[in-house]
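Number of protein chains: 2
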Amino acid sequence: MQEFVTFAKRMADAAGEIIRAHYRKPFEIISKSDASPVTVADRSVEERLRTMIEDMRPEDGILGEEFGIKPSKNGLTWVIDPIDGTKSFVIGRPTFGTLIALWEGDTPLLGLIDQPISKERWLGAEGVTTYNDMPVRTRRCTSIKAACSASTTPAMFNGEDALWRNFDKQTKMMAWGGDCYMYGLLASGFMDICVEASLSPYDFAALVPVVQNAGGWISDYEGRALTLKSEGRVIALGDPDLWPQVVPLLKSSA
Amino acid sequence: MQEFVTFAKRMADAAGEIIRAHYRKPFEIISKSDASPVTVADRSVEERLRTMIEDMRPEDGILGEEFGIKPSKNGLTWVIDPIDGTKSFVIGRPTFGTLIALWEGDTPLLGLIDQPISKERWLGAEGVTTYNDMPVRTRRCTSIKAACSASTTPAMFNGEDALWRNFDKQTKMMAWGGDCYMYGLLASGFMDICVEASLSPYDFAALVPVVQNAGGWISDYEGRALTLKSEGRVIALGDPDLWPQVVPLLKSSA
Numbered sequence: 043m044q045e046f047v048t049f050a051k052r053m054a055d056a057a058g059e060i061i062r063a064h065y066r067k068p069f070e071i072i073s074k075s076d077a078s079p080v081t082v083a084d085r086s087v088e089e090r091l092r093t094m095i096e097d098m099r100p101e102d103g104i105l106g107e108e109f110g111i112k113p114s115k116n117g118l119t120w121v122i123d124p125i126d127g128t129k130s131f132v133i134g135r136p137t138f139g140t141l142i143a144l145w146e147g148d149t150p151l152l153g154l155i156d157q158p159i160s161k162e163r164w165l166g167a168e169g170v171t172t173y174n175d176m177p178v179r180t181r182r183c184t185s186i187k188a189a190c191s192a193s194t195t196p197a198m199f200n201g202e203d204a205l206w207r208n209f210d211k212q213t214k215m216m217a218w219g220g221d222c223y224m225y226g227l228l229a230s231g232f233m234d235i236c237v238e239a240s241l242s243p244y245d246f247a248a249l250v251p252v253v254q255n256a257g258g259w260i261s262d263y264e265g266r267a268l269t270l271k272s273e274g275r276v277i278a279l280g281d282p283d284l285w286p287q288v289v290p291l292l293k294s295s296a
Numbered sequence: 043m044q045e046f047v048t049f050a051k052r053m054a055d056a057a058g059e060i061i062r063a064h065y066r067k068p069f070e071i072i073s074k075s076d077a078s079p080v081t082v083a084d085r086s087v088e089e090r091l092r093t094m095i096e097d098m099r100p101e102d103g104i105l106g107e108e109f110g111i112k113p114s115k116n117g118l119t120w121v122i123d124p125i126d127g128t129k130s131f132v133i134g135r136p137t138f139g140t141l142i143a144l145w146e147g148d149t150p151l152l153g154l155i156d157q158p159i160s161k162e163r164w165l166g167a168e169g170v171t172t173y174n175d176m177p178v179r180t181r182r183c184t185s186i187k188a189a190c191s192a193s194t195t196p197a198m199f200n201g202e203d204a205l206w207r208n209f210d211k212q213t214k215m216m217a218w219g220g221d222c223y224m225y226g227l228l229a230s231g232f233m234d235i236c237v238e239a240s241l242s243p244y245d246f247a248a249l250v251p252v253v254q255n256a257g258g259w260i261s262d263y264e265g266r267a268l269t270l271k272s273e274g275r276v277i278a279l280g281d282p283d284l285w286p287q288v289v290p291l292l293k294s295s296a
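Chains as they are written, first to last, in my numbering: chain W, 43 to 296; chain R, 43 to 296.
Heads up, some of the hints might be wrong.
As the list claims (entries may be wrong) - Pulled a few chain R residues facing chain W out of the computed Cβ check, cut under 10 Å: (1) Pro-136; (2) Pro-177; (3) Lys-211; (4) Lys-214; (5) Trp-218; (6) Gly-219; (7) Leu-227.
To be verified - Quick list of in silico lysine to aspartate or glutamate cross-link-like pairs, EDC-like style, CA-CA up to 20 Å: (8) W:Lys-211 with R:Glu-202; (9) W:Lys-161 with R:Glu-162; (10) R:Lys-187 with R:Glu-162; (11) W:Lys-67 with R:Asp-175; (12) R:Lys-211 with W:Glu-202; (13) R:Lys-67 with W:Asp-281; (14) W:Lys-67 with R:Asp-281; (15) R:Lys-161 with R:Glu-59; (16) R:Lys-67 with W:Glu-162; (17) R:Lys-161 with W:Glu-162; (18) W:Lys-67 with R:Glu-162; (19) R:Lys-211 with W:Asp-203; (20) R:Lys-67 with W:Asp-175; (21) W:Lys-211 with R:Asp-203; (22) R:Lys-112 with R:Asp-102.
Just so you know, these hints were derived from the structure itself, not from any lab. All values reported here derive from a predicted model rather than from experimental measurement. For each residue, glycine too, the CB sits at the ideal point set by N, CA and C.
Given these sequences and hints, build the entire structure.
Given below as structure tokens:
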């Protein structure tokens with residue numbers, strides 16, 4: 043596993059170099075069919091990471107946001123989101139991140155969230171999550187009324203506004219614009235609940251090991267473990283004991 | 043005016059020292075009647091800044107988030123929000139800011155947005171807005187379809203969801219969790235539209251000079267200049283020429 047961790051860090055270092063060169067600089071924005079702002083940096087990073095994987099580990103599969111799937115020959119698959127939180131990147135806000143994960147079938151082995159401007163990195167693997175190489179843990183939170191929650195955008199709930207309103211009204215506070223960065227903050231014990239929808243596998247593949255190895259809970263809204271085939275509704279809790287209190291909030295009719 | 047600028051910077055320096063000592067540390071949260079998370083840091087900063095003003099400029103008025111109004115004896119009033127974006131502060135995300143403004147009646151003279159973790163500071167006065175002491179300008183954006191917009195939380199629109207949905211659907215992209223930081227990004231020319239509601243005077247008093255002196259537009263939803271008595275609906279545009287296209291989006295029945 044140590045070789046995977048070292049390799050993931052090298053990839054994140056390479057991604058950060060490219061991203062810093064493009065951050066807050068004028069750039070072409072290439073429109074995709076889903077109309078999200080995807081930048082030249084996004085594509086450059088994924089190309090670089092795919093080349094690194096193909097050079098160093100030609101048998102491994104790759105699932106990337108920009109360039110799709112390369113099937114695995116050995117059961118291992120790297121899942122990459124070069125810039126998660128492209129909206130934040132586009133407006134020059136350093137809360138986006140590079141996501142790198144290694145999965146073996148439906149089992150997440152390693153996850154990394156890297157913020158290359160503030161130089162913050164969370165890495166979860168083998169029972170430990172680190173923040174800039176120091177171990178971190180989620181915090182206790184036994185009441186929904188005391189919980190700090192966050193999400194990314196109300197639009198991701200596709201009109202099921204009751205979902206976010208439940209959290210906005212019933213938790214102590216709800217922040218927005220979270221992106222991957224909020225899962226790092228949850229792993230570090232600064233907040234308690236992340237709730238999102240409409241995510242793709244490359245959006246959450248790295249979050250699972252970061253949250254779980256810090257002591258937290260991450261699942262779909264029915265409490266099932268996330269796999270690379272999950273439908274994109276994600277709930278993460280710093281304290282797994284909060285789960286029974288969160289269940290009623292995850293119903294749009296609540 | 044130079045003495046005011048120098049004094050505002052000294053206050054921001056003092057605020058930043060206190061905030062950095064409290065950031066991502068365990069702290070007591072004191073509940074206020076409006077249930078927002080207000081921290082010990084928030085109160086400590088405002089006490090410090092009020093003392094500085096009372097010592098150096100005893101005739102000036104003060105309007106602060108935490109400790110209310112001290113009437114002005116000379117027409118000048120300092121408006122202070124020690125930590126704008128307390129939710130971001132509480133979860134350990136460096137997109138909050140200290141806001142310091144100087145107004146003479148209904149005329150804004152100076153505004154400062156300080157992010158003490160990333161050490162970014164916008165200051166607008168006398169026709170120039172600076173970012174870390176370098177002049178910045180808003181950017182051109184002549185079509186709403188090309189505009190990058192942002193807001194803080196859908197909850198601030200108090201159920202008038204059409205307001206944020208208009209921007210979410212009709213601009214190129216909409217980011218959330220903006221806080222004061224997004225007005226700095228707009229002044230620097232990285233984004234085009236900030237739209238908010240339910241703000242208090244201490245939330246927007248410093249934003250007006252930062253945006254206007256960078257070449258941007260800031261007003262209420264009817265296009266009227268903001269004063270310390272404005273009702274808290276704020277729209278800012280990097281390019282004032284966008285205004286006619288924005289007007290229809292600011293109606294909840296649109």
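| query | With 10 Å as the cut and Cβ atoms as the points, is Gly-219 (chain R) at the interface with chain W? | reply | Holds: closest Cβ of chain W sits about 2 Å from Gly-219 (chain R), inside 10 Å.
| request: For the pair we were handed, Lys-67 (chain R) and Asp-281 (chain W), check the Cα-Cα distance against 20 Å. | output: 19 Å, holds
| request: Assess, step by step, whether the Cα of Lys-161 (chain W) is no farther than 20 Å from the Cα of Glu-162 (chain R), and give holds or violated. | output: Holds, because 16 Å separates the two Cα atoms, which is no more than 20 Å.
| query | Straight-line Cα separation of Lys-211 (chain R) and Asp-203 (chain W) no greater than 20 Å? | reply | The hint holds at about 16 Å.
| field | Lys-67 (chain W) paired with Asp-175 (chain R) [C-alpha distance capped at 20 Å] | value | 19 Å, holds
| query | CA of Lys-67 (chain W) to CA of Glu-162 (chain R), is that 20 Å or under? | reply | OK: Lys-67 (chain W) and Glu-162 (chain R) at ~17 Å, within 20 Å.
| query | Should the hint that Leu-227 (chain R) touches chain W count as held when the rule is a Cβ pair under 10 Å? | reply | Interface hint status for Leu-227 (chain R): holds (5 Å vs cutoff 10 Å).
| query | Going straight from one Cα to the other, do Lys-67 (chain W) and Asp-281 (chain R) come out at no more than 20 Å? | reply | 19 Å, holds
| message | What's the verdict on Lys-67 (chain R) and Glu-162 (chain W), does the C-alpha distance respect the 20 Å limit or exceed it? | response | The hint holds at about 17 Å.
| query | Is the hinted pair Lys-211 (chain R) and Glu-202 (chain W) satisfied, with a Cα-Cα distance of at most 20 Å? | reply | Roughly 16 Å separates the two Cα atoms, so the pair holds.
| Hinted pair Lys-187 (chain R) and Glu-162 (chain R), Cα distance within 20 Å | 29 Å, violated
| task | Verify the interface restraint on Trp-218 (chain R): the C-beta must sit less than 10 Å from at least one C-beta of chain W. | result | 4 Å, holds
Violated hints, listed in ascending order, are 2, 10; each of the other numbered hints is respected by the structure.
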